[in-house]
Structures are given as structure tokens and as C-alpha cells.
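Asker: Heads up: the protein sequence lines correspond to chains A and B, in order.
For the first sequence, the positions run 1 to 615 when the numbering used here is used.
For the second sequence, the positions run 1001 to 1368 when the numbering used here is used.
Simulated from the structure, these hints should not be mistaken for laboratory data.
We treat Cβ as the ideally placed atom computed from N, Cα and C, and that holds for glycine.
Among these hints, one or two may not hold up.
[What the hints assert, rightly or not] What follows is a set of in silico ranges between Cβ atoms, one per label pair, in the way DEER data are often shown: (1) B:M1051 x A:V483: 22 to 32 Å; (2) A:D180 x B:A1194: 39 to 49 Å; (3) A:R14 x B:Y1074: 56 to 66 Å; (4) A:V482 x B:W1202: 37 to 47 Å; (5) B:V1061 x A:S22: 30 to 40 Å.
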Amino acid sequence: MGTFSQRELPTVIRRRLGVAFSLSLLAFALLVARLWYLQILQGEEMRAMSENNRIRLHRVQATRGTVLDRYGRVLIDSRPSYDAVVVPEDTPRLDLLLENLAQLIGQSASELGATLGQRGGGRPPFGDVVVRRDLSREEVIALETHQLELPGVSLRITPRRSYPLDTRLAHLLGYVGEADPAELAADPRYDMGDLVGKVGLEKRWESYLRGTNGGQQVEVDAVGRKLRVLREVEEVPGHTLRLTIDLDLQNAATAALGDRDGSIVALDPTTGEILAFANHPSFDPNLFARGIRRDEWQGLSRDKHRPLNNRAIQGQYPPGSTFKIIVATAALEEGVVNPFTRIYCPGGVRFGNHYFRCWRKGGHGSVNLHQALVQSCDSYFYQVSQRLGIDTIARYARQFGLGEPTGIDLEHEKGGTIPDSEWKQRRFKQPWYAGETLSSAIGQGYVTATPLQMANAIAMTAVGKRFRPSFVRQVETANGQVVRQEAPQVVAELSVRETTLRQIREALRDVVGAKNGTGKKARLPGIEVAGKTGTSQVVRLGVKRMKASQVPWHHRDHAWFVAYAPVEAPEIAVAAIVEHADGGGGAVAAPAVREVLEAYFRLKRERGGVKYAQN
Amino acid sequence: MLRIDRRLLAHFDWALLASVLLVVGCGLVTVLSATRGPEGLVSSVLLRQAMWVALGLVALVVVQGFDYHWLDRYAYVLYAGTVALLVATAALGAFGGGARRWISIGPIAIQPSEFAKLGLVLSLARYLHRQMEPGAGLSLRMLVVPAMLLGLPAVLVLKQPDLGTAIVLVLTTGALLLMAGLRLRLVLVLALVAVPAVPYLWQHLKPYQQRRVLTFINPDADPLGAGYHIIQSKIAIGSGMLDGKGFLHGTQNRLNFLPEQHTDFIFAVFSEEWGFIGGCVLLALYMVLLTRCFLVAWRARDNFGALVAFGLTAAIFSQVLVNIAMATGALPVVGITLPFLSYGGSSMLTCLIAVGLLLNISMRRFTF
């Protein structure tokens, strides 16, 4: 091995080794000096510090961002609350302390002891334990005046989330809770006890709402009283969100539903901005923010009216006759009928060995498309559906955004179902039966949609394009600097001839405006409204027609109404469903929509047309 | 391979081995104190550490037994092996403490970044000793291969992320290049080229990466995280005073004020219990070890041996110095273990293998 023939290292290398060795020895000497400084010169001081370790870390939770409506009114707020915290090492007699504390805050000493044991597990030495959250004013004063008798006890201000709307808008706003172990492990920026968005807007906009925690390195005395702050990191409060929701309109929608189960969604068809988002029944997010009790949780989750269900985006209902808007559009566009084509309605249509009934027992006589929409004639659409076929109907339904989630920024949105022959093969491994096309044409059978999807579809009918529904308009820092603005997002344009759309819109106007229209209860003085009623069957009833009051509650029909206004320059689109109503869409849902529209135009007049608060 | 040659045995460096064993002994005692349970139970951590020491000593005996020139032939293969382990860690390693650093082989978890240090030193020594010409320094062109040899494992380690080990890799490479004849003039030129690139690279870092670098440069910027740990570590060391609080009586350690007490901050545990005297004894042991290591390089009979010996010495003692400086608050906090003292199987095994190699080179200084 030629490379290894040398016997001795070159002197250059030896010189360099010498330099490196000297430098290393110098470094060691510096370390010894450092130890001398720490252990001999500062030793006394350090020993004292270690004896009752005086340097503590106090975390300051960031105040979560506020949420405002489009006119700057508070929808979610953070208020300061006082917690009682105990540092067990700071008190000579823990049992005595708990006795004293118990008397002041009206809780038994053993209870406090149990809390202390439970929450104190795994805390660092001299770490504090929250024994009682959200003290009342009287309790705060009592603790402050008796501070000397309570060594080791201190008050800590933490921001608490409050939802002044209570149950209103709860499904959209969501709620916060304390970070669970999984969330703590996933993100190092969370500390134990931090509030985290769990559901809804609180969760989806967490990164903006959260803010950054601050804290202090403080020196304390032997009983834990703060002597001085050594270092400090200021907390950065979360961002303010300005929503597109109009609180007044939200209230009107909530009132319009009253105590009936259902959902009302109102949006601006020209932008996709959601103006109102009401579900009934609902829940109070304040319960979750303060820590929900087991019985409260069970009450909510076991309620058969399912208050936790976000009906507007998760309720998948057969759209009933509101679906005829889509079938009518398809029929005109595909040319299977023209505006003058008349079809005779004797009160139903026989197909195979099944008789498909029209909702009006005596039939509508001979009707064209306009009349069929205005009076919601089922027979007309049974016939038309046979000429279109299910796959064509499905294609148009998808154009209107049905069969897939709208893309609203909320979790667990459902997409509804738009069946076609391929879907049926995939889902049931069966061919599509022609008879099923008939029930699909009137929005029954397999067809389902969410209230938000229907609001989106009627908005598309009004303006010819479809937006992604949005509810956040603007994000600002806590001191008002705009950091993000949401622009309307067009998802799709309706590829339909202008004449087709005009005919559909005229018919929808007459649904509300004409003497024999099914939706005339949505009529407003001075403003033209276009809409469509729907009454969707929950179960297939016998041949005999029954009154709603004769049917068990959970078998009653759902009442639908979708509408937009004003007809010539649409500003608002509304979809409403009332579950298991004691009447059809025209009788029950149309008046509810009317209430919302009426409120909208009244508020518009009062505000002189201002669309959102200038800030 | 393990033929006992009397001539070799005569040159065996007993002082080197003895100082290593003494430091390892200190380590076991301190790990015992750092991990003892509240009821005075001996934790399984100590048993595992003892097992790794035993395994490391076996490896040491094996490694010193063959002629180290064999390593010259297989340096790149060994290097490729350690890099492959790093790649495997990145692909299927275990996630712990926010980083992907460990890989499981049967019941044991190993940390391939430790072995990467050995692979890097061997491959650099192999490349550099062939480039060295009497009287001539290293040219810029000769830096390309070392840069690549360093870059590959360094990037993989940084991705884990393990800044501490990456720093050790860079320091070791730098020391080896200087030893092999890198001229100071060239160092200055390289620095002039590199400095303007820094602001550009900075802009391409993600905010959290920028924050990490800032905390690294200035720990006071993070008084709630690393800054708090540093204060507690300084209190632990300082409160040991002249003669310490006594074995098993360190309160800072006992009450869990110290972070990573049996790994990165083990020096604080040791100094709290044994005081200034104990700290000086430990440093003296390290200095004896250091001297013996330098002697191995000094006496090596060829450039390859000298470079391997010096590279291993640089890798071990850059860690010793950085770790103790960090624990005493003289340097920013980076995750680096204290060789021979900290708990950690892969670290212990790597260090003992390195000692085996040093003994190997030392013994064969008179043979051909």
C-alpha cells in the first residue's frame, strides 16, 4: 500500500495539532472559570434561589379574537374571568388553607382537595393548580381581603369565551373548549388549559382567532407572592373576524322558525355571502365554553330533535317540488317541451302498474310549463321526466350545485344525493327503473339536498351563476388593521339560454304573484318576489289522502319554500324548510320566508341601503 | 481477527482506556441520580444504560482488534451505510418529542445520527489523506467532495430536526479540513462569498424556522422556553457551590426543574450534587482523555491514522465543550449529549467505538 509508506507525520500537521490542542485546553480553562463564577462567586445566591425555587413561569393566555356581524355587533366575545389558583408548595399547612378557602368560596374542603389532587397530577414543582374557575365578584373580593390568611392562593385573570347570542347561530359559530391531550401533542403552541376551537367557525378560523400566548418569568417570595418580573413576553390577542351575517336578519330568521324544527338560510345571490343561518332546535355554546356537564351533554346528544345537528348543511331532505325548477329548466333547454306544450293532468299518471298521483285530487286539467310551475302540477313533471330521462335531470341538478357540498367553510357538510343510473348501479348494484324517474322529477325518491344547497340553487336561478357560500368578510388585528379580505368566489356559471331562464323566472314570480300561485303567502307589498313551494313526503302513505293532523308527527311531510327578491335585481335568496309541518310548503314555509324577506327590506330602508358598517 | 500480538499489547494505551472508564462510571452514577424515582427506586433507564455500556465495551474490543488500514478501503461503504440509516429514519423512523430521530431494530431504538459522525470522519479522512501533498495546501477544487460528504448527512439530520448533531458534523468537518491543509486565506475567501448569501437564504426560511434560529442566537428571546431551562440549569450548577449538595441530594434535579436531566442537562445534575470540586475532577478527566486522544493523532504513523484520530477527537470534544458551555449558560441551548456521561444508547455506543478506533491507531503506530 503505497499511500501508507510514510513513517512519521509531516511537521505541518504536528504544528496544527499543537495549535488545536492548545485551543482545546484554553476552552477547558474557560469552562473551569465559568464554573468558578457560577458555583463560588454566585454560589450563595444560586443556593438561595434553589432552596425555595424563586423563579416561576406565569403563562398569560392570549385573549381570543372577537367575532362581529356585518354591522359590527358582537357575536362572540371574550370577557375576563377570575380563577383561584393554589401553589401547594407555598403553603405550610395545606389542610388549613383548604378549610379557609372553602369557607370563602362556598365549597367543601374535601371537594377542593379532590380537585387539587386531580388537576395537580403531573404539574411541575411550584406549578399552580386551578381549584376554581370563574369566581363571582363577591368571591373575588372575599379572596382579596383575606389574602394574608391564604398563603399560596392567588387570583388569575383568564379570558373566557362568551356567546351573547346563546342558541342563535350556534351551529355556524361553534364553540371552544380546553385543549385535549391530542391537541396539546399536535401543536406545541398550546399550553394546558388553553381554549381551542372545537367546532364551527371557532375551529375553522382557529389560527386567526387564537392569538399568541404571553408569559412572565417572575421572582416570587417564599409564599409565592410576586416580587418582580424578570422577563416578559406580551400576549398578542387574536384577530377580529367580521362576518357577512346580519344579526337583525338572523333574529328574524330565528323568529320565523319559532319552535318548529327546521332551517332557514338567507344569502346574497350576487356574492354568496350568508346573511342569516338559522337552525331549530339549537344548543347554547356557552355550556361548552364553561365546560359542559355530563347530564347536559347527554340531554343534548340524546334529544330526538337532535339539537347538535347542523340542519342547514347536514340535514339531507327530499327537496320536493322545489326540484321542479331544475326539471323545468332541463325540459326547456333540452327542447322536450316548449312554452306552449300542454299536458293534461287528470289528477295523476299511470305508469306500469303504479298510479303516480298529482297533489291535487281533481287534477289541473290542461297545463303548460308556466302553469305547471305556478300550480306545482305533478302530472306535468311526471310526463316531462319520461322525455328527459334520469341522467339528463341529474346533469342539470349538478349544474345547480346539488349532489355535492357547496364548499362552505364548515366541517362535515353533507352533499345530498342526485341519483342517476350509474349511481344506482354503484350504490345498489341494480339497474335504474323508469318508474323511479317519475318520483325523482318531483324531488322525491332518492333525491335529497341540504337547505344551504337549495338556497344556493335558487340564488343561481336568480343571477345565473353560483358562488361559494361564505360567512367571513374580513379579518382584522385587534387594533383594527385589515389583514385579510374575502372576495366572492364564483364556482360555476349556469350554461342555459337566457330565454329559458327568463321563462323560469317569470313562472317563479307568478308562483308568488298570481292568484292561483302556490306561494302567494310569501307576497310582499311593493316588492316582487319569486319562489317555489315544496312539500316532501317523509314516508310513503297509503292511497287514502289524510290531513296532517291525522298523521303521527314524525311521519308528517316537510314544508319547503325557496325564494329570491326583488325579481328584477335580486339581492337576497332564502331557503326554508320546516320539518314534519302541519301543512304544505305554501301554507307553512312560504310565510316564514316572507317574514325574513319583510325584515330584510325593512332593515334596508332603515339603513338607507348601507350594506355593511364602514370601519 | 482477535489475535493477541504481544508487540501490540505493549503499546496499548491504558491511560486512554482508564480515563474513559472513569468518565463512564461518573455517567452511570449521575444517570442513577437523575432518573431515580420518588420512592428511591432504581429506574430501568440505568439498567438500559449499563447494558449499552457493556455492548459498547464489546464493540470497543472488536474495533481495536484489526488493522485500521482496513477502514481506508471500506470508508465509503461505511459512510453509505450510515447515510442509508438516516434515510430510513426519515422514511419510517419513530416520532418523538416533535422530531423523527429514532429507528427501531427489534426491541431497541437507535439514533442513526450518532453513527453518521463515525461515517463522516472515516470518509473525510480517506478522501483527504489522498489529496495531501507535502508543502501544498488544499485547493478549492478539493473541497467539493468533502462538502458533499458533509452536506448529505447534515441535511438529513437537520430535517429531523436535530440542529445539535448538524452543528457537530459541521465543526468536525471544519476541523478536519483545517488539519488537512486548508489555508486560512481560502477560509477568508469562502467566508466573503458565504456572508452575502445569508440574507437571501433568510428570506426563504419559514417563520417558525426563523424563530428557531433567532432563539438559537439569542435565548433571551424565548424566556418562557429555552431561556427558562437555562436559568434553572444555572441555578442547579451554581447552587452546588464548592462541594455540592451530595449524591442523590440535588434538589433542582429531584424536583424536576431541570429539563432533559439525564441527557442534555446531565452536567447540571452532576455539578449540583458534586459542586465545584466534582466539576473540576470531571473536567480534569476529560482533559486527560483529550490529551491521550491528541497523542494518538500526534504519534500516528501516517496521515490517514492522524486524520481519523483527530476527526474522532474533534467530534467528541466539540460535543463536550458545547454541552458544558450550554449547561452553564455560556452558549445557546442546542440538543447535544455529553459524551460518555449522558444517557443514550447510540451516543454511548458511538463514543466507545470511537475510543476503540483511537486505541487501534495508537497500538499500530510502530507496525507496518
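Asker: Now look at each hint and say whether the structure bears it out.
Answerer: Cross-check of the supplied hints:
1. B:M1051 x A:V483: 22 to 32 Å: Because 55 Å falls outside the window, the suggested range is violated.
2. A:D180 x B:A1194: 39 to 49 Å: 46 Å, holds
3. A:R14 x B:Y1074: 56 to 66 Å: Since the Cβ atoms of A:R14 and B:Y1074 sit about 28 Å apart, the hinted range of 56 to 66 Å is violated.
4. A:V482 x B:W1202: 37 to 47 Å: 27 Å, violated
5. B:V1061 x A:S22: 30 to 40 Å: 33 Å, holds
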